[in-house]
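Residue numbers (my numbering), protein chains in the order written: chain G, 1 to 473; chain P, 1 to 437.
Calculated directly from the structure, the hints in this document are not laboratory data.
No incorrect hints appear here.
Capping the alpha-carbon separation at 25 Å, the derived lysine-lysine pairs in DSS-like fashion look like this:
hint	chain 1	residue 1	chain 2	residue 2
1	G	Lys139	P	Lys274
2	P	Lys274	G	Lys413
3	P	Lys274	G	Lys444
Keep in mind the model is a prediction, meaning the values are calculated, not measured.
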Amino acid sequence: MSLKVKIVGVILILLLILLYRSIEKLDAYTSRDSYCISCHVHTVADESWKKSTHYIAQTGQEIHCVDCHLPPKESSEYSQSKIKAGSKDLYTYYFKDHAKINWKEKSEIKNAVRFTPKSSCVNCHQNLFPFELSEKGKKAHLYYRRNEDKLYCINCHSGVGHGGRKATYEQNISFMKRKNDENKEVYSDSAILKRFENYIETIPGSSVSFEMIAIPAGSFEMKIYPDNDMERKPVSQKTIKLASFFMAEVELTWDAYRAFLTDVESEGRSQELEANDVDAISGATPPWGDPSQGWGMGQRPAISMTWQAATMYCKWLSKKTGKIYRLPTEAEWEYACGASMDWDSEESNRRVIYRDNSIGKTELPVNMKANALGLVNMLGNVKEFCSDWYAENPFRNKMDSVLTNPKGPAKGKERVVRGGSFRSKKKQVRSDYRESTQHDEWLKTDPQMPKSIWWYSDCRDVGFRLVCEWEGE
Amino acid sequence: METKKNKRREFLKNAGSIGLFCALGTAGLLQCENRKERDYNYPPLLKKAPDGSLLKAGLIGCGYRGTGAALNFLNAGSNLQITALGDVFKDRVEMCNSQLKERKDIEVPEEKCFVGFDAFEKVIDSGVDVVILATPPNFRPEHLAACVKAGKHVFIEKPIAVDPVGVRSVMISGERAEAMGLSIVTGTIKRHQKDYIETFRQVVKGEIGDIVSANSYYNVGKLWHKNPRAEWSEMEAMIRDWVNWCWLSGDHIVEQNVHNLDTVNWFVGKHPVKAVGFGSRQRRLTGNQYDMFGVDFLYDNDVHYHSMCRQINGCQNNVSDLIRGSEGYTNCQNTIYRNDSSVKWIFDYGNEDQELDISPFDQEHVDWVTAIRTGKPVNETQAIAESTMTGIMGRVSAYTGKEVTWEEMMNSDLYLSPKHYHFGQVDVDKAVPIPGL
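Excised from the complex, chain P in its bound form (with noise of 0.2 Å):
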């Protein structure tokens, strides 16, 4: 107990109360806590984090979006450097590389490249100060936990697990990087963007009063999808086609819809408790996903919530959110309307394009980078875990046909992953859900 410090201001605070105890009289009378409003960390949103002293970054996962996180992390401020590689596959350590030499002029030395399924833990040991986890959301919690436990930083992306288990693991990691004032910043973009930022913060003050349903809409063409080759293994096959298996992806209603599962979250200020879901698969080649969802999740308040995504080439695309509440609705993303329909108020963009300066993707590490260089830690993670969860409900409810509740889902012992890694016959289900069984 650490009270000696500060004994004199405590012995003056104390004092202070005594008196103040004794001018009342009654014991009741000190409590004058009302904390009623939504108390919400605000990023800072600067352009570039401030200086310091060398940032060294491990990536984890080299694939197209961990190539872009590390290039993100560069234009994040000065004095920062991607000094280890890691990746399940060679090639994709060798692609990043060449990105990042042919973008940054920054070449890791093969010494510091490493490959295979332990390759995440070569990295965090190879002296880096933080990691950029981007792998398939699979191998995250392993990841992460593993990140923690060293003491590291970590920029992850979302989603953050595929399965409850998955998830619980993120949350206790989450709750030790508090513990141990590591900063932990998720790739939930829109957390980062001034235009959601400012519109949120309407939305708290009241200006379309209090939130009676939510829609959004993930609604998009074909991914992408790779055959299986002669020379790879079941293992190699499936991870080069991740997007495509529910055990690596989560299915991209978690993997993709989480962006506006987690800005409706946001929004309304809590998770779902509940969700009837439905989904089916007509298009897709591989892999054992859908091709589209619709959940009905609802909030503790009867507040029904319906979500729906989509990925099929030559329909209706829209990827939006609409959050209505009594006294009108917004987009959340820039403008607040009247139950009219009328304007009531809209995010200043200060551009003729309607434009943040900053591309989202660069701010979330400045974010991330000035946490951790202003000693003011950020920890995104049980909003992404809760987000994720919600994702996984409603994949599961659509995958069964049942209603799933969050309690159910925040005890299950559902778990996709093989029980160990390893390139040959992989050991998962690999049939495509049918409800109602």
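The following block holds chain G by itself, in its conformation from the complex (with noise of 0.2 Å):
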């Protein structure tokens, strides 16, 4: 080997080692907390970072960006996904508008698991049942064990990174024990129906009251599209007759289901250890966790409940009421809803909370404009369940070009829910956009069993709009 082949070997090692020591040191500098926040934008995040647990821990170790928000520096995943997370982050720092960047709805559990790898999570924490652990949680952590490829840590831990909110990871029995405001005058009655009019419905033994919209009788062309696709020719269109029928102004508030938690409560399992008999549930169980998000009750959509809770209120309701209350059906829903016009953004943000509007929760229904019945987010703010089955296509089996008060295919494993949400992309507002309960999906971090039947854990965007029945003068 001459000389000159050997120079050059040593010049490209040293070169090599260069490379890789700046590399290396390019990593750490890069991987500095003051680093992450020196370009990124959102100081909210960083002021809740410095309250949470995983800023300094209990065990006093410091916690860093990096160690949460990229897999282990042992994987082999750490360069690719540091490079992928930097590349996003500059690009978003020099060209988006940092305003319009919705940090509450990046948080959001199925968003926040692209960056918040769970292999970081159980790189630190790798025994997951210290012998300090609860029972509950060594129940919701065997639940984690055997369905570890559905769930994240985040999916119970979330806020543990940023903010001091403390999540509850059990069953909230006090959520069922908060009473109306004592202030407030407690109604006796409730109210009676004598014409075909707008009235309001008071709940008697509580102080809620709401306004109820008369839906005149009438009829309208339904389609039904493959796929959400109003693109393509509808799989079905049936012109639908109505009869008249009454609907609240407003998706059910939290004040009007606390009503109906409060006053079934006493009948209910909520001590369930305490109670052995295993006949019918007659009350709701407790929530697990905290179905209101933190977000505040009192007028703000009621949302988290099941599909049969939210069928139990109506019969509750009438019970109470007198009067036949129950959800929707998918073709009342629609016809109240009224056609979607094309709304610029302007309009839209008068009429509907959903994404590109909302900071990633529900809004209180004030200032909101109506439909032209009178009906407040009937499109937005919370999906609303219909009384209905779903199917692709519930008239597949309907020969006649007109049905009279349809009420959905027969059987079914999911329900309808209707009118989008506060997560909703635009094209999701729609008066004939179709969607369905997704079950299981929705109670997945759910670690009772049976899974409660009350309440969706999974779910922060449903609720409901109750309907009255009009049974003629």
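Two chains, each in its own frame: build the complex with the hints.
Here is the structure:
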């Protein structure tokens, strides 16, 4: 080997070492918290991190951005993820409008899992069953162990990295105990229906009232599109004739829902370990965690109850008021919603709470423009249950072109939900956009068995709107 | 985070992947994970455990099987000792000690022989390194939890519990043992038999194709029973007659048939998701167990597994398994058959008697001690917990006549033992279960 080759070889090796060293230094430099924060524009996230248990852990260990937001350094995905995340951040930093970034949405579990790898959680938290773990914790972690492919740590432990909000990992019994405001009038009677006109319902024994809008009988064309693709030819089109009915002006509020919870709670098994009788469940059981998500309750729409719970609510209210309350049929819902206009964004903002104008949570139904019938938030805010079973084409076996008061398929697996929510894209908040419940998905992290029939553990944007039947003069 | 010592190696690895990343210029291409193949931890199956420092074992449960397990442990290699005995009954401890004396010339001194319901704690605290659990099954979850808490390696006889509460406790102990690097081996001997293991290898290789169904039989004669005596309290009478009481044994579908349930779960590679079963009792003289069970288990891919077991004298006996695949079938023990019943493969025992060189009862202890001495922990807890739960699911279905799901069992609060153990009246359900109520 000639001297030249040797020299070139040595220089190459030195250069390689230099390159490695530089990359190593670069990696260390770009892994510092200050580096992350320098480019990241979410001051809220920085502040909330400092309040969390993952700023300085109980053990005294310091935890850095990259410890949670990149895979463990030992893993083969580390470099790849780092380059990917870094490039994305740089792009966002230079080319995106920071004010328009929806941080709340990004922190939702389904998005957060993309930049909070599970492998990083378990890299530090290797023993899921420390001796001091509570019985409930054991049960929940055992459930996780057996469903690891479906679950992420942050499904339950959201908020451990940012913010001081302590998540509830157990049956939230106190949720059922909250009482109505003592200063408010408690109604002794419900409204009396004499004529077919709007009325204010008052729930006896509570201080809850809400307006019911008279929806006059009529007909409309109902089109079922394949895969909700309104550009394509409908798979079914029917003329729907509907009788008159009443529909609640707004989505059912937490105030109204909690009147039910507190009323039936005593009959339920809120202290389920005390009660050994396993006969019919008469009242709602406490939720797992906090269904109100800490967003506030009051006049905000009630969310996360199951379809069965919503149906049970209607039965309860019917008994309380002597009327026939129920969920709307899909046809009634669409009829009452009215055709969606091609609103500009300003008009949309006045009428619809959806992805582009929400901050990742429900809103109070105030100052929102009602539709032609006087109904508020038919589109957006929360998805609304209908009474029908869901089918891709609910009119598949119907020969007639005109259907009167259709009630949907006789059987099914999921129920219809309509109207989209604060999380929906613009194209999903239309009167003809159809969705269904996702039973398994919405109960994914509920470790109870049987899983709750009252509360969805993993759906925070479904609620319902009451319909009251009108039986004529 | 202990990253410093490996920093250079890591750095090289990272640098390498950065280079590769740049070269490919795209993110998705680095993913080359393709783990479809079944990974299974095959035991090394040595004839003797490697030499090592003295291992002192405590035996909890000094009956016939416990004494047997202690002898198997002593056969497993050199420098192994039994240094403490525990049982609820004094005569059992004495009998075990005399057996050890007679067969192995070992005598556990009186101060290391413990009697009573708290004997297990005393054995664990007596300075032992490892513990053999061979009491009736209902006691094992509590005993295992205590062993793991004390950092002891455990040999735990099958089944490991009698009810879902117990199974879950064992699952958690297993997880903890895993985190602590403890070795837990269970008494499901087939997983330590070379013939079964080699047959399993054939099945994993696809020699019978995809599994389509399974049958197993544990049809044997009566085990034994003991009539109550005037001088015994109800508790003593029950424990001495434990193979006839569900709260102690889990009934024989769990206690004995778990061998077959474990074999089929092992070969199929998962646990069933549902069971519909029946059973009955005609011949038993004591206790509240059934004499026979027939259960249709269902795996999640619609594979049915019919498992029958019976303990009545004078009937057709059969202890075997049969797993059928799309391209043949196997007895799980030593033979692969084609669909036309011709033999495709047979395990070579290398002797005329068709016997393994080493008793599987010894082998499981050889494997256990090997794991401890080589620092390569083995943890069979989850597998036996699942097989035990499979039996419990079948039993509950037979007792009630209803379909029972795995999820129901995993979340069931069924707990059969009395709240407190003491010699007196026993506060448990003693009725023979009647289905359809």
